[in-house]
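When you get a sec, could you build the whole thing from the sequences and use the hints?
So the protein lines, in turn, are chains A and B.
The working numbering numbers the first residue of the first sequence as 7 and each following residue consecutively.
The working numbering numbers the first residue of the second sequence as 114 and each following residue consecutively.
What the hints contain is simulated information worked out from the structure, not anything from laboratory work.
There's no promise every hint is true.
Label-pair ranges, simulated between beta-carbon atoms [stated by the list, open to error]:
hint, chain 1, residue 1, chain 2, residue 2, range
1, B, Glu-331, A, Leu-45, 41 to 47 angstroms
2, A, Thr-123, B, Pro-383, 43 to 49 angstroms
3, B, Val-168, A, Leu-45, 42 to 48 angstroms
4, A, Gln-275, B, Ala-200, 48 to 54 angstroms
5, A, Leu-181, B, Met-429, 38 to 44 angstroms
6, A, Leu-73, B, Leu-167, 28 to 34 angstroms
Built from N, CA and C at the ideal position, the CB exists for glycine as well.
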Amino acid sequence: MSRQASGLSPAQTGSNSVGTHLTLGVVGFVMVFPFIWQLVISLSTNDQATGVPPTFWPGDLQWTNYLIVFTKLPFLSQLGVSIGITVIRVIGQVVLCSMAGYAFARMRFSAKGVILTVILSILMVPPQVYLIPQFQIIQTLGLLNTILGIALPGIFSAFGVFLMRQVFLGLPLELEEAARLDGANPFQIFWKIMLPLATPGISALVIITTLWSWNDLLWPLVVTTYAEKMPLSAGLATLQGSITTDYTVMMAASVMAMAPVLILFIVLQRRVVEGLAFSGSK
Amino acid sequence: MTSRTGTKIGGSPAPTDRPVQRTAPTGLGRRAPGAGTDGLWPWLFVVPTLFGVLVFYIWPIIQTAYLSFTETGPFGGEEWIGGVNYAAMLADSNVGLALINTIIYTLIVLSGIPIALLLANLINRPGLRFASFYRVLFFMPYIAMPTAVALVWRLIYNGDFGILNWLLSLVGIDGPYWTSTPGFAIVSVGIVGMWSSLGFGIIILGAALKNISPDYYEAAQLDGATRWKQFTSITVPLVTPSLFFVTIISVINGFQLFDLLYAIMGQYNPALVQSQSLVYIFYNQAFIQNDKGYAAAIGVLILLVIGTVTWFQFRMQKKWVNYV
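Here it is as structure tokens:
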């Protein structure tokens with residue numbers, strides 16, 4: 007906001023009032039408190055974690071809790087699954103949705119309107135309406151408990167097609183005309199000219215798909231049965247046995263499970279906010 | 114062609130700082146009408162997606178509709194039983210309870226939208242110091258993995274040693290077992306839902322706030338309008354389209370309640386039966402009880418409920434949404 011720091015209008019002088027900062031500070035603290043608490047407990051002993059009154063500072067930080075995660079949980083294989091399904095879905099959606107979105111925005115073919123309507127119609131249908139048969143398909147293909155099986159239906163996205171179509175509709179027509187006159191074929195035009203111009207849309211799609219894929223629970227829960235074949239989200243939700251009362255290790259595991267995407271998105275904060283707002287404005 | 118788009122650029126007033134949006138003429142109108150098609154190229158672009166959507170979405174939707182009229186036979190095949198699943202569903206008090214729980218949860222999440230607007234309004238004040246720091250604080254719960262934050266909320270809510278009950282005890286309140294008492298459980302989950310979706314509202318509403326011209330506020334200032342008056346008379350009416358969007362999305366997501374409920378309450382919670390959501394019942398019937406036909410009927414019910422509520426909201430939008 008520094009660009010606006012100079013020349014404040016009368017309307018802007020109240021922006022930094024004590025009341026404003028107090029409100030934002032207090033609400034902000036409530037918002038991050040669970041994360042702070044998670045960190046505190048992950049570094050406590052189990053006696054401290056279950057003690058009343060609570061221990062706000064464990065004193066002797068128990069970093070070993072983080073090491074125990076790797077021995078008590080199949081954390082690394084779950085991390086691998088989470089990364090694998092996210093990469094496959096992001097690449098799949100970016101390629102497939104931008105191609106389809108481009109065709110719907112700029113190309114002429116028969117039954118275009120009907121096909122678009124069919125694809126977009128699934129946006130109005132909650133996942134429960136297609137989940138059972140999707141599971142049966144994955145089962146029939148022998149892909150239960152595999153990364154591909156978890157990732158597969160999610161590489162197709164009606165939302166992504168819609169988003170990319172809107173992005174391409176917003177780009178100027180002249181460049182394509184020029185390239186067409188130069189004898190470029192439609193794929194070259196798409197790949198070399200239009201795709202680079204669609205970067206804001208693609209980054210929004212990457213952000214949304216990453217968030218959804220990393221955090222999604224229901225589908226992975228349905229198509230996996232072995233803990234070591236689950237992504238982190240399902241792994242954490244299905245913890246069983248002694249680990250469920252080992253609060254400190256559980257907190258350490260949950261910190262590590264969400265850290266990669268959380269840290270990445272905090273670093274890229276501006277871009278993420280823009281991407282989410284961008285897709286919301288479509 | 115060029116001249117047409119040219120005038121569109123020049124002629125369209127750009128009320129916002131967003132990139133200029135032009136809608137390219139669609140369909141056959143792009144070149145001279147009747148000039149034909151682009152041959153096979155478009156199919157190359159569309160067929161992979163069309164294939165995936167038909168196989169993994171459209172066919173399953175049809176299949177679910179069929180399944181909802183069947184029951185799984187003793188050897189795994191499906192037997193047509195007509196409307197028995199639907200009749201059973203309507204008579205199932207757990208489904209009714211799940212619908213009520215889902216509505217309670219959704220209403221709690223919706224109650225966060227006015228808070229999100231107030232916060233977005235504070236964060237987007239011009240010249241606010243630490244704005245991006247605040248933004249990160251509010252946006253973290255939205256991007257954090259629900260099952261991971263659910264685990265810490267479970268500890269916060271713990272009836273024996275949770276920090277929430279400790280805080281309440283300081284003011285003399287004997288807090289309940291939040292997540293294992295029917296009634297309290299769904300409210301506890303709803304509060305986490307509101308906490309985690311606040312960031313989404315702040316982002317979308319914040320983007321809308323940035324598009325309001327400062328001229329309005331300066332004019333209001335000259336007329337002596339207070340900050341609150343400016344907020345209610347300028348800000349709120351001008352962001353109603355975004356409020357509508359956030360409401361629609363929040364309702365759809367609210368009716369999808371599963372992750373937080375599953376992860377906060379755990380599978381062996383004594384209050385689970387009274388605290389289920391529609392999606393939870395669906396999951397339980399389909400994949401734990403293995404009653405796919407009944408679950409399919411519940412899936413159809415979820416579709417109808419969300420469809421009806423969304424349709425009603427679109428009907429009502431004329432009454433309160435201002436499109437400038």
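Tested hints:
no.: 1; hint: Glu-331(B) x Leu-45(A): 41 to 47 angstroms; result: holds (45 angstroms)
no.: 2; hint: Thr-123(A) x Pro-383(B): 43 to 49 angstroms; result: holds (47 angstroms)
no.: 3; hint: Val-168(B) x Leu-45(A): 42 to 48 angstroms; result: holds (44 angstroms)
no.: 4; hint: Gln-275(A) x Ala-200(B): 48 to 54 angstroms; result: holds (52 angstroms)
no.: 5; hint: Leu-181(A) x Met-429(B): 38 to 44 angstroms; result: holds (43 angstroms)
no.: 6; hint: Leu-73(A) x Leu-167(B): 28 to 34 angstroms; result: violated (48 angstroms)
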